[in-house]
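Student: Letter by letter, the chains look like this.
Number of protein chains: 2
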Amino acid sequence: MSQNEFSEGDLRNTGMALKHDREWDYELERIVEAVHERDAEKVGLQFPEGLKRRGPKVADDLRELLPENVTVMISGQPCYGACDLDTFLMKRTDVFVHFGHSPMKESEKIIYVPLFSNVEVAPIIEESLEELEGEDVGLVTTAQHMNRFEEMRTLLEERGYEVHTRRGDDRLTHEGQVLGCNYASADIDADQVLYVGGGKFHPLGLAMEHPEKKVVIADPVNNVVSVADTEQFMKQRYASVHKAMDAQKWGVIFCTKIGQGRWETAERIVEENENAYLITMDEVTPDRLRNFDMDAFVNTGCPRITTDDGPRFHKPMLTPGEYEIAVGNEPLEDLSFDTFHGTW
Amino acid sequence: MSQNEFSEGDLRNTGMALKHDREWDYELERIVEAVHERDAEKVGLQFPEGLKRRGPKVADDLRELLPENVTVMISGQPCYGACDLDTFLMKRTDVFVHFGHSPMKESEKIIYVPLFSNVEVAPIIEESLEELEGEDVGLVTTAQHMNRFEEMRTLLEERGYEVHTRRGDDRLTHEGQVLGCNYASADIDADQVLYVGGGKFHPLGLAMEHPEKKVVIADPVNNVVSVADTEQFMKQRYASVHKAMDAQKWGVIFCTKIGQGRWETAERIVEENENAYLITMDEVTPDRLRNFDMDAFVNTGCPRITTDDGPRFHKPMLTPGEYEIAVGNEPLEDLSFDTFHGTW
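Top line first, the protein sequences correspond to chains B and V. In terms of the working numbering, the first sequence opens at residue 1 and continues consecutively. In terms of the working numbering, the second sequence opens at residue 1 and continues consecutively.
FYI, nobody ran anything at the bench for these hints, they're computed from the structure. You can take every hint at face value.
In this list, chains with the same sequence are indistinguishable; a pair is considered to hold if it fits within one copy or across any two.
Think about it this way: if two alpha-carbon atoms lie no more than 20 Å apart in a straight line, the pair counts; the simulated SDA-like pairs of lysine to any residue are: (1) 42 x 261; (2) 91 x 258; (3) 42 x 256; (4) 105 x 258; (5) 42 x 59; (6) 57 x 291.
Small disclaimer: the values here were computed from a predicted structure and weren't measured.
Build out the structure end to end from the sequences listed, making use of the hints.
Tutor: Quick look at the structure:
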């Protein structure tokens with residue numbers, strides 16, 4: 001997910017975070033059990049950006065429950081998804097807990113605590129029905145609301161809808177789940193998809209990936225119904241591609257985060273373009289790229305950094321597909337949303 | 001070294017970088033030889049911040065000299081010293097070249113290219129003699145000017161000075177060499193030390209570590225002689241310690257960079273203070289720490305981030321020694337500069 005993950009539907013700005021804090025399940029018992037089972041002496045905790053400020057409180061609660069000789073460590077690395085594990089801390093702790101996301105890949109070493117939200121979804125779904133057209137509807141949500149997926153489905157079915165769902169691919173844990181970079185669960189036989197969840201980050205990606213479908217947003221966190229509008233995003237993408245068409249020197253970014261690497265893509269571009277330079281990094285930020293005197297960048301890492309944060313960079317930044325258009329290998333009509341499949 | 005390494009004597013701002021570019025030795029033959037010897041297919045290049053923009057040109061030159069099947073990769077990670085190796089890239093390349101620093105620890109895997117400067121040192125040393133008092137003088141410099149160390153010594157001896165030099169400890173490669181975090185080479189029997197090199201970053205650290213000595217700066221890059229003045233720095237340190245005296249919640253930073261970790265120090269603080277939280281990260285930046293609701297931080301990583309960048313953080317940040325003063329374990333008079341010893 002991109003660094004803008006929390007810019008829309010950001011819990012910190014809504015007050016929702018505190019209000020519902022006690023209703024979130026940190027699954028401390030599961031962690032304590034794992035510590036005892038493994039005779040662990042070091043426990044690592046990783047939180048995504050919007051939840052980091054809760055880290056010390058969770059550490060306090062855990063320390064009360066754990067033997068004195070156990071050291072609890074909190075990852076201070078930025079984290080934007082289940083693709084973004086702190087592998088340094090993971091390798092150096094006996095129990096490593098990743099909060100806020102569901103597993104991208106199961107591992108005995110990692111305890112994933114998705115932090116299910118207990119916010120009610122029924123009222124906002126009722127309200128969203130006004131935006132639906134016809135009886136076929138796809139249904140998707142995020143890890144935080146997965147615990148209520150069957151409730152969502154039942155509610156829609158009771159209202160007479162034919163609900164289409166699927167599990168996307170092996171990057172996704174659950175049926176109906178979407179990630180910022182993967183909407184394979186919306187590859188269903190319906191012209192509209194209902195997204196139930198907080199913020200616009202996910203439904204905007206969904207609408208870009210499936211431009212032929214109407215994407216209705218039922219946001220139970222901010223208590224608002226809307227329809228995803230990708231116009232601004234698409235304009236930005238076309239503008240970036242056009243700007244990059246004159247580029248001579250290309251920086252090709254290979255992201256070193258465990259779940260964000262597309263090596264074959266990066267290597268192929270560099271092999272085919274003698275004016276392309278391979279640059280490796282974990283956090284892809286405007287500051288870090290400003291050091292490189294390139295005309296444009298192609299980011300083979302997280303597509304949401306490219307699409308959502310792109311305008312913050314000093315030079316155009318494209319997805320691999322957009323790069324092929326900019327250098328003339330593909331026609332402009334082929335511009336599409338960059339998605340990420342598989343794990344590691 | 002801190003993120004301010006290039007704020008004083010920054011080559012980018014002086015025009016020196018371009019002027020002397022061709023006089024710097026990138027030692028490409030040595031790299032090409034290693035590639036052939038190891039039948040390497042992947043070559044990784046790492047440059048410190050002030051040299052990163054030269055990366056693509058060095059890659060160009062190398063690609064002309066190397067077989068077609070060799071992939072050259074440039075590290076996009078921030079880099080502030082020989083303590084700060086891109087271990088991800090190092091592990092995934094057959095030849096890994098670190099530019100701009102001398103070895104902190106020898107390794108068969110790594111080629112260190114210190115980038116010796118060919119700027120003349122004699123004229124500025126002549127000029128600096130006016131600031132020297134008495135005949136005993138210590139002599140120190142940085143990796144970039146190490147190639148002229150004997151010339152510096154001879155020049156001083158010819159002028160009648162007794163030149164005191166030593167190799168610091170095993171963190172330092174050469175006799176007379178200083179690092180931003182280590183001035184053991186100035187532990188010599190003289191009341192004054194002549195620092196020959198660019199910028200004020202190193203001599204300021206030297207003067208803080210050895211407050212009883214006069215530190216004369218002969219800067220051949222910016223062509224200026226001055227005397228290190230630590231007053232502003234010391235005021236800031238006292239102010240930070242005072243502010244942190246009321247702190248309840250302490251964030252204890254363990255830096256995960258290969259040469260910046262002081263695990264025992266971090267662990268001891270957390271064990272002794274139940275209101276201390278261990279936070280692990282590589283880049284220690286204001287943005288990353290803003291996510292944590294602490295009253296103060298103690299940074300067991302690079303001391304120069306604490307002393308030079310400290311005021312940029314939202315809460316006081318102290319060195320381990322300053323922490324002991326702030327929590328009342330040591331008297332205020334014991335405030336001293338934090339230095340870093342050993343390797344990894």
